[in-house]
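Protein chains in written order, with the UniProt record's numbering: chain S, 1 to 641; chain L, 1 to 743.
Treat the hints as calculated values from the structure; they're not laboratory data. Computed from a predicted model, the values in this text were never measured in an experiment. Glycine is no exception: its CB is placed at the ideal position from the N, C-alpha and C atoms. One or more of the hints may lead you astray.
[Said to hold, decoys possible] Some but not every residue of chain L turned toward chain S, in silico, with C-beta under 10 Å:
id : residue
1  : Phe-165
2  : Asn-361
3  : Ala-362
4  : Tyr-384
5  : Gln-412
6  : Thr-420
7  : Asp-421
8  : Gly-428
9  : Phe-430
10 : Tyr-481
11 : Gly-485
12 : Pro-486
13 : Tyr-488
14 : Gly-652
15 : Met-674
[Claimed, not checked] Simulated crosslink set (EDC-like; lysine to aspartate or glutamate; CA at most 16 Å straight-line):
id : chain 1 : residue 1 : chain 2 : residue 2
16 : S       : Lys-62    : L       : Asp-675
17 : S       : Lys-62    : L       : Asp-495
18 : L       : Lys-685   : L       : Asp-655
19 : L       : Lys-229   : L       : Glu-200
20 : L       : Lys-523   : L       : Asp-505
21 : L       : Lys-290   : L       : Asp-706
22 : L       : Lys-233   : S       : Asp-39
23 : L       : Lys-228   : S       : Glu-38
24 : L       : Lys-685   : L       : Glu-710
25 : L       : Lys-229   : S       : Glu-46
26 : L       : Lys-443   : L       : Asp-470
27 : L       : Lys-478   : S       : Glu-248
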Amino acid sequence: MTEREERRFAEVPRESIKLMAESTGVELSEEVAALLAEDVCYRLREATQNSSQFMRHAKRRKLSVEDFNRALRWSNTETVCGYGAQDALPFRPLKEGELFFVEDREINLVELALATNIPKGCAETMVRVHVSYLDGKGNLEPQGTVPTAVQSLSEDLLKYYQQITRAILGEDPHLMKVALLDLQSNSKIAALLPYFVYVISGVKSVSHDLDQLNRLLHMVKSLVQNPYLYLGSYVRSLVSSVMYCILEPLAASINPLNDHWTLRDYAALLLSHIFWTHGDLVSGLYHQILLSLQKVLSDPVRPLCSHYGAVVGLHALGWKAVERVLYPHLPAYWANLQAVLDDYSVSNAQVKADGHKVYGAILVAVERLLKMKALSLTLAAGGGSAGLPGTTTGAVGFRENSPGLSPPPEPLSEPPLGIASHLQAGGAGCQWEEWTPVSLPAMYCELYSFFGDSLAVRFSTDPPLGGAPSSRSCQPLEGRKEPASGAPNLENTRKMPQLTASMNISPRQDGSPRMEPQPPSLAATVPGRSLARSSSSSSSVSRSRSSSSRPGRSTSQSRDIFPKARFPLPQAGPPAFSFIIGGRQMGRRCQGRRFQTSFTPTPPLNTLPPRAYAHKLPVIGRVSKPVRRWTCSHYSLHLPL
Amino acid sequence: MAAVQDGQMELDAEKETKPEILSDGTSNLSGNTASGTLSSSPLTAAPAGGAPKMEDQQTLIAVLQFLKRNKLTDSVEILRREAGLGEDQEDSQATDGSGGGKGDVDGGDANSLLSRVSITSAAAPQSMPVKRADDQPDVSVVLSAYSQQGDPSLYQVYYSGLKNFIESVLDCHRAELSQLFYPLFVHMYLELVYNNHENEAKAFFEKFSGDQECYYQDDLRVLCGLTKKEHLKGNEVLLDFRTSRFVLRISRDSYQLLKRHLQERHNNQIWNIIQEHLYIDIFDGMPRSKSQIDSMSGSLAGEGRRELNKAKVFHGLLKEPEIEVPLDDEDDEAENEEGKPKKKKTKKDSLGSKSKKQDPNAPQQNRIPLPELKDSDKLDKIMYMKESTKRIRLGPENLPSICFYTLLNAYQGLTAVDFTDDSSLLAGGFADSTVRVWSVTPKKLRKVKSAADLNMIDKESDDVLERIMDEKTASESKILYGHSGPVYGVSFSPDRNYLLSSSEDGTVRLWSLLTFTCLVGYKGHNYPVWDTQFSPFGYYFVSGGHDRVARLWATDHYQPLRIFAGHLADVTCTCTRFHPNSNYVATGSTDRTIRLWDVLNGNCVRIFTGHKGPIHSLAFSPNGKFLASGSTDGRVLLWDIGHGLMIGELKGHTDTIYSLKFSRDGEILASGSMDNTVRLWNSMKAFDEVETDDFTATTGHIHLPDNSQELLLGTYHSKSTPVTHLHFTRRNLLLAAGAYNSQ
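Extracted from the complex, chain L is given alone in its bound form (with noise of 0.2 Å):
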């Protein structure tokens, strides 16, 4: 009778204050074990406030007596110091404890800590090496790690005791070993759903899930809906999260902490768990802060490995191809005509030689095969160091203008938009499954001739280029039909005479903006493509899916080249995007990790956490060396590749950043929302603060300014329109694009 209603207290008191039955988890632990098995005890019965203290140091003399009586003399000294007991108190207690301690089966009137601890370590040893006959199912390997491993009904007590420890020890060490919370927390969760104990899984959710940090809430969503066994074989991102060992870096201090306390306690589950599922990156030196964890911290599977990111990344440019340029007598004129000769010639000097020194940082120049220049392309080349001479220097004192290009009436959904590198022509993928390009100078868009009346042309004339088009077609736009579901992503070649689309119907097609045909479908994904993107040089494309792989194709190859596989989501729309040297591609994902891959090997050479959200849009800057990324969390993070750290975190938007787009010398970095507005970042000086030395390349470690409100440099307001796609023209001027929503 008493024990129930000690019971029905505790139950009450849950519901009421829940920050104080976080704190003393073991009162409430003792209240669920011990109300069947013990009725009478003082101690349960006894006000919450005072038992768990003393609970604790019984505990803990219980555990010295059992270290005793083993031998480990060792052990118990240091146990004996950081619990703060004398060798008295424990004596005292020893005399009264040791005869429930020593017969293991206690009888109704053995106090509850000795036969807690008892439960603890008979079902530990019973459990772990005996597995059930009867839940070996015919599922996969994967859920088969899942198998019985103990009682159920003590899930509660091993993660409260674990939580007891870690919210006991010391500071430093805490934010570090907290970060074991979440993942033990969906390992066990899992393990008990996979388990049928669909209960206990239920209560322990309601009973932990407050804890988890916040970024990882729509995880939580997912999982909590989650109560079946059944529902677990279709549920590919927590198969994923099974298979895929979640890391976590803990410094060797704050480990060693932790294997002491589970080998103490006995506390076989967990530390199965940790064997298991986690990985432990161990590093020596000072343990990480809280902010320095979380800033790093809320990807799917825990933080990348630092070995991972070790691997030498060319992360520096090409050489330039050397073209004969007539660049004197034309910039001559134009010095003239603008009447600014000094300026210009510094310029062009620094052009000149950037291009003739070799980065160290660079890859070979035939690292990865390139297509050879074409006389267009040298022609294009010229045209666009040309413009570059023209460029206006940006910077916080000189902000670049901003065009808008609005899509209206666009009903249909505008899902991805692209320029050109030149600026001159506009695609817009929509949901319709059509792809739209428009010519926004005045140049029409006209297509080639028949093949009857191209028979007819004069091909040895100077103007056969112009003459092979057909005037009769010259419209404003066309419209490209072929997809069979919404386009994600459309890219346009470097030279302008292809593009490409992918859709949600699991291909990715190749047009010509010759003809305004489909030249190609590739098919390999088989599921949504979210996005694709040519490379700087053309030839080449990379495509991410819902499939969660990356591709890498040849224009002139049906089959993909390489395929990138290692996300554990969703590889997200306009988020593949090629290094500026063509030989890394960085892909972003729903599983809130960015990812570089080597496209020469297929390998990933990087793995950058630190979102909170699925990656939306990603940036390299011009000089290769870094990459920024906007997700759904309206947070800009910058990263440096070479050393693979985070060094920076713009906050300011307050939806999805759908667009990033550094300009041509790099020094703004401007990002577009769907909240309506553009935003620039003084990148330079992001960049400049950053001291990145040896220590911190390392370790890891990283200490991030909070200065996102000086290195904001402005921001802008569409007239309810959300930018979809930021570019720079290649005098800087900045280009934003986007449908006009009128709810």
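Looking at chain S on its own, in the form it has when it is part of the complex (with noise of 0.2 Å):
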């Protein structure tokens, strides 16, 4: 009973009341006292009862020395004086004995007088008007920074604020996760927001190191996943930030030994998930960020990093943004890309590196754009929802080779895929406003002009080409001879890990029982594909770039296998191809990753579209100039990664 009472209550001992008795010298009797004590308390609980009265009325839910010093005016009592500081007044105990008291320092007076910090008055109460809410829905506008005067950091929130940029930007990976995850979750940081989004902002000046940039990033992901956190205008400058990272030509990047690409795509991934969850916030962020990738893309004087910056950037924004931005600009880009990749001195070696690795973003982009379209026209046209699966990935099925090349594909051999897969699952289900389409085939038809088979033969739902690339001629064309040429070639590529495509083309006549005459619709192009997939170990010859070690391997010939591959000979049934990429020590052990398709026969177009670019490169590595120790096949595709 007595410890519930004590409990709800503080109370006064009388003990307590005798020492106050007696520091103002009375002797008081123990009975006196404990009456005292008693009526003490109560008066006390009295008066912070009226004092709560005057907190709820002043609207605060904080009891206020004032609130309580008014109760007692108006109890006619004696106020109590010398607490109306604004911050709390420490309450300590005394290390020996059980005795605590406030802890109340001397100031020195003249100091204060003579002070020269004269602190400011406070800033003029005003009244700021926003639209919060219109017609009962979301936020209009951003309400834009408080003003500085209102903003005050908390003690606490300095220490958090310093501790987890400490640990983020430092050495401790540990550490790092920890204050990443903790940034993630934490709903009280909204007042450290505009700090945070300042710390970010300073990639400008630590764009020579990479591993600032990617904690950098880290942090601008951990902030927009945060559920607490209402970003309203920073996202403009979060988005900036990671803009930077994307296209800048970094100063990291004069090494080539930086893997800046990795940091790009990790950029452009964060960029479209910033868009995706917080694009509402700021209105026309999505113009701004295609219109600022554009400029870049269409700006030669910029360095190829900067240029795959954009590509990836677009293709993260999704393959609407590709349609609308790159592919238009794909037909003044190309040339560009042309010079770098046929440019084969030494002086250019790095820069065709990279112009390789543009190459191959471009390619990965476009093909997701024609995948997307596929789809989307599916989806369109109602009936082919049952294809769906197949339009979107059985295009791309791969599995291990033959035994006799037995490691598995390095896993340096990833990136560009993954980039690709990371990137639709991000960018899935556009929505914004229409764009004047270009017609499935007609696109195709461009793109087909540009990249030629390498897009074939990841994207094969092509049955408005007609012609379906077939290779009944490419056969007798091709030999075995990639063991041969492996050393050399890693010689060549000075160690770069590059990506080694090859076809296997396989005819289909003794393939499968299931083989029938297809019907040319996309829908039902499918069964064909899984067929192809189903039958693919029974592939023979394969085509890689290291056949091309044949000297004397020309470009007329390239030219040859072109028209074969598009105007295809009747033949009984659908061509498979099998696609293997590797990595750079493809030639020598590594059988790298197969990649199987199929054509279904489509009856031929009857209007061929006009190549204009085909000339200009069918295919990568056409040999322009006879380079004596470089002989490239025509068919292989170089990405060195």
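Mind assembling these two chains? They're in different frames, but the hints should get you there.
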């Protein structure tokens, strides 16, 4: 009973009363002290209860000393002076003995009077208006920053800020992880947002340090993922920081050993994430981003890594962005890229490597564009739903090839594909406004004219093209020569990781019993493809870049190939392609990954699209100038990583 | 020795399992009473599980015998029927009980039951008429009501006896009779305290305070600090509790049951309290359910008496004065601009017809003398009508836009906000005694020129009103100094020329918005004035404060015209509101009641109970039929003024609701709270769903649908800014105001 009583109220013990009486020179008997103590307790409680009324009417949650004094005044009691300070007075125990006291330090008034730092007065009280909710929905416009006078960080917040920034930018990866995790879930850091955004904007000053850039990007990610933060207009600032990482020719990229490509990929991913989750906060953000990406892309003076960033960024924003910006821009850009890729001088090697990187990125982007477009078309057609899974992924089936070339694909060969897959995940389901669409066939034709078969092998839904590349005649042309040419290739690539593609074309006549002529519709291509996958192991002929080590493989031959591919001779079944992507040791021991595709026979297109660019770059690695030691095959896709 | 041990056991059991003790109070009390007198009773020594039932029956039998002896055969019959006792049971017990029962002076060998009965019956008559001389002190008459009335040690017995009875009655009666617990508990406790039985009072409180309804916790906290008679004198809230009778609504059946029980038990102690301090409002019909009772109870003085809510309230609107408005030309222009001529036409018609037809519920036009319209008022009315034609029709599909007026850097503490009706000015009352006025339109605030300068201007010119203003003084905001304490309420006059402010210093001040000086200080409340508000027609205003009265003033009188007294606690902040027809004033209070007062005669015409915390906001619906109230418990309650009924409960807020406002057409109710949200409620639906037939109106029984979630149209968060004030513009844009709270 007494326990409960004590918990409910603070009580003044009679000893305290006696002590106080003694200090004023009055001797109290035990009895009187007890009575007084009880009365004091009651009066204190009463005053507290009364003062809470003043608190409520002042619309506060915190009882202030002033409230208490008001209550005392209205009950005709002297007020307690000297406790009006804003900051809390520390209540400390004395080490020896059970004595508690309020710490009240002495203040040197002389010092205070002669102090030169005169405190600034409070900012003026003012009224700010903003439309919070329009028609009961959402925030119309960002509220803008709170005026600086209002911002006052508590000490705890400041400490938190210091700890977090130190942890993230520091050396300890474990600490960084913890800090990022907290940043992602802490609900009380809204006041620190501007500071964090400021820190992140520091990307511009650490462009030489990939590691720091990476950490800052992770910080962005954490902030963006924090469900308690309302980013508001800070989205713009964050986006500009991320864009910096994507587009700028970072100082770190001077050294080819630095993997700034991954950073750009990550930043692009982040950009799409910000855009999808917070894009609604800043109107017109999407267009601004597109515009700046386009600007970079159309600027030939910019280095290739910037271009790469632009392409990756577009890709990350979804296939519609690719369609709107990259695709129309491709013809113009192609010439530049072509020039780079065709330059085989030693001094150009680095640039050329970068060029291949860009090439790969573009390829990935347009392939997804085509896929998504085809998908959207089937969706629009309404009947093609059954074929959906096939159209997206069925084309790219891979499996380990023959046992002779045992080691699994190196992880190094992954990034391009990796980008493709995660960007696809991020960019699915675009919803913004319609862009006057180029028809899929037309688009495919044009893209095909740029990429040739390297496009086709990854994207096989090409019925409109009609001329499904078949390679009856390829077969005799190609021989298994890659083992022979492995060593020189390795030498030539200067240990740069590379992607090697080889194409296996298997005649399907004998491949499968289920072989039937397929109707020329998109949906119908699916079973054919699955067939191809199932029977891919029967592939026999591989075509690899190394096969081109045969001297004298010339442009004329390469030109031979493509017309052949485009004008298939009538044959009993659709051809199947298998395609191998391997690492740099591809030629020697690494088999790489094999992608297989089969093409369904379709009625040949009556009017062939003009192949305006066909002569320019049907295939990467086409030899325009004979280089003595570097002889490239016509069909290899060489992607330095 | 055995008795001591028993007592210990009882105490232990009490500590360990509280609910068990609550259910068998009898065994407990037998322990308490018997431990002194009966040492070797087999019944008290018996384990707690079986004893009480046995005892109960024995008690009943003893009572039966008593009744028989006194030839009360009817009562015997009834009791026997109710208790389900057979004749034979009684007889068998009678033989061994009669000896002790007849000899009133019981020896040590008498059994516990009979001794208890005899003590009860002996104590009551002995103490009732005799008032102890030494306990007649020189205190007020109020307190003397609490003179010694019985043996303090038996209070627990009485209370638990009643508790057992109430817990054993039928479910339908239990809920109703449970209402008795709280007032009885408080009165018995106060009696104990008053008579200096401090220890008994503490024990009593400890034992039974846990049983009380959770919404009385605040009062209990006050109560338990109170253990000395001297403390009683200073505590006004409790004094009021005593002077006013706690009102209970109980059906006739339940009341009969209670009465019979108390008479049978000779429980005069409780009966006296009921007679003296409670007012039992008996109605015929079905007893109410627990939820029905809970929705209405919670106030400091029980429910409102039904007959008090019977008075006719003229809740209709006054006829709009007929003003020739050049509406047509203007409207045609507007129509051409906006291209929606059809809608406008119909709306205008409805407006016109409303003003022409006299509302049957409206008071007489001159029931309260109202100020005559000035030319400027007429102009304003025209403006108002024009604006209202452009008003947006709100509804569940068409929610209002919300503009938030954030007061930044309000370190001194914002306590009150008001907007003018046309939303052009904003006034803020601050804890540093200042009142600040801002212009929220591009038009700046200007003072009138000084007297000397005024002499110079041409008084005949058309733009004389413009010329008297001093351009040099133009600024966005003005500060009004004059109060000497926090300003708790501000209110603009309808014509925007005056501003009222009420403060902790006990005054209400009237400020001119032309000169930005104080014109009058109205003194009358000698305590903090929590709120003030102008009448919708100007001239009159009402104020309410810590002195528990609301006062009606006219601006040209320095003394109040009416004093509305009746609340048991402070008339709270932002909680005095004029009815739209200016004939009534509603006040909310810390005693958790809302009262509606007639301005004409100063009578209280409605008492609404049901809130469980101090009321901090009130709003009349624009048609005058309904009232909404918000309190510290985070609930909004809706009331039908005409029928005097609660018609809705809106749950959702998590903190005190400081502002309520209906949209201009009454379709939407907006509530703003300390929890930094504005919530919108579908008030139309809430009002429509209530069926107010005659039955519910006469009995006051209500069935509240629990549909808060359906009625909630939206929750809108501010950025750590408590919502102090809400206002709908004439076009139904919602304005909210509050001070940014950096913590």
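Checked hints:
Taken as an interface hint, Phe-165/L does not check out: its beta carbon lies about 26 Å from the nearest beta carbon of chain S, beyond 10 Å. Given the 10 Å rule on beta carbons, the hint for Asn-361/L is violated: about 32 Å separates it from the nearest Cβ of chain S. This hint is violated: Ala-362/L has a C-beta 33 Å from the nearest C-beta of chain S, more than the 10 Å allowed. Interface hint at Tyr-384/L: violated, since its Cβ lies 22 Å from the closest Cβ of chain S, which is beyond the 10 Å cut-off.
Proximity of Gln-412/L to chain S holds as hinted, the smallest CB-CB distance being about 7 Å (cut-off 10 Å). For Thr-420/L, the interface hint is violated, the least distance from its beta-carbon to any beta-carbon of chain S being 14 Å, above 10 Å. With a least beta-carbon distance of about 18 Å to chain S, the hint placing Asp-421/L at the interface is violated under the 10 Å criterion. Checking Gly-428/L against chain S by beta carbon gives a least distance of about 8 Å; that is within 10 Å, so the hint holds.
The interface hint given for Phe-430/L is met, as the beta carbon of that residue sits about 8 Å from the closest beta carbon of chain S, less than 10 Å. Proximity of Tyr-481/L to chain S is violated relative to the hint, the smallest CB-CB distance being about 14 Å (cut-off 10 Å). Contact between Gly-485/L and chain S, as hinted, is supported at the beta carbon level, the nearest pair being about 8 Å apart and thus within 10 Å. With 10 Å as the threshold, the beta carbon of Pro-486/L comes within range of chain S, its nearest partner Cβ sitting at about 6 Å, so the hint holds.
Residue-level restraint check for Tyr-488/L holds (minimum Cβ-Cβ distance to chain S is 5 Å; threshold 10 Å). The beta carbon of Gly-652/L comes no nearer than 16 Å to any beta carbon in chain S, farther than 10 Å, and the hint placing it at the interface is violated. Below 10 Å, beta-carbon pairs count as interface contacts, and Met-674/L has one with chain S at about 7 Å; its hint therefore holds. Between Lys-62/S and Asp-675/L the alpha-carbon distance is near 14 Å, which keeps this suggested pair within the 16 Å criterion.
At most 16 Å may separate the alpha-carbon atoms for a hinted pair to count; Lys-62/S and Asp-495/L exceed this at roughly 37 Å. Distance restraint check for Lys-685/L and Asp-655/L: the Cα-Cα separation of roughly 24 Å exceeds the 16 Å cut-off, and the hinted pair is therefore not satisfied. Between Lys-229/L and Glu-200/L, the direct Cα distance comes to roughly 13 Å. Compliance with the 16 Å bound is thereby established for this hinted pair. Distance check on the hinted pair: Lys-523/L and Asp-505/L sit about 10 Å apart at the alpha-carbon level, within 16 Å; holds.
This hinted pair checks out: Lys-290/L and Asp-706/L have alpha carbons roughly 15 Å apart, not beyond 16 Å. For the proposed pair Lys-233/L and Asp-39/S, the alpha carbon gap of about 13 Å is at most 16 Å, so the pair holds. For the proposed pair Lys-228/L and Glu-38/S, the alpha carbon gap of about 9 Å is at most 16 Å, so the pair holds. A hinted pair counts as satisfied when its Cα atoms are at most 16 Å apart, and Lys-685/L with Glu-710/L qualifies at roughly 9 Å.
Simply put, Lys-229/L and Glu-46/S have alpha-carbon atoms about 15 Å apart, close enough for the 16 Å limit, and the pair holds. Restraint check for Lys-443/L and Asp-470/L: satisfied, since their Cα atoms lie roughly 13 Å apart, inside the 16 Å limit. Straight-line distance between C-alpha atoms of Lys-478/L and Glu-248/S comes to about 52 Å, which puts the hinted pair past the 16 Å bound.
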